[in-house]
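To convert, note that position 30 of the sequence shown is 30 in the numbering used here; the numbers rise steadily by one, no gaps.
FRET-style restraints, in silico, Cβ to Cβ: (1) 39 - 73: 34 to 44 angstroms; (2) 42 - 8: 17 to 27 angstroms; (3) 33 - 72: 29 to 39 angstroms; (4) 42 - 83: 19 to 29 angstroms; (5) 72 - 37: 32 to 42 angstroms; (6) 36 - 71: 37 to 47 angstroms; (7) 71 - 33: 31 to 41 angstroms; (8) 34 - 2: 16 to 26 angstroms.
It should be emphasised that the hints constitute simulated quantities derived from the structure, not laboratory data. From the three backbone atoms N, C-alpha and C, an ideal C-beta is built for every residue, glycine too.
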Amino acid sequence: MQINLSPQIRPGGLEVLKAGDTLTINGQLFDFTPVAEGGILPAAAVDCEFVIGDVRRQGGELELTLLLPIAWDAPESCAFPQPILNPADGRVPLPTDEVANA
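Produce the complete structure using the sequences and hints provided.
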């Protein structure tokens, strides 16, 4: 799985939990298992304000883009985040977690 992050200055937070091809985003479960190889699930078909790009499966891996709420003075790691590649099942570490725990 590849999770791309698109930062946006706005209040609130983001918590993402992963279990296989399912993500729980701020407490709401989304199952992307039905997305077939080469398939695209339009972002508009996912009832989640944080899923802002189409969900794709290529090479057996899901790829999606999530909105990342950040503060106006967020560090570079939050303002220009790297994609999250092959996160383990459980809580997905986000760059904003590092700032909150600093």
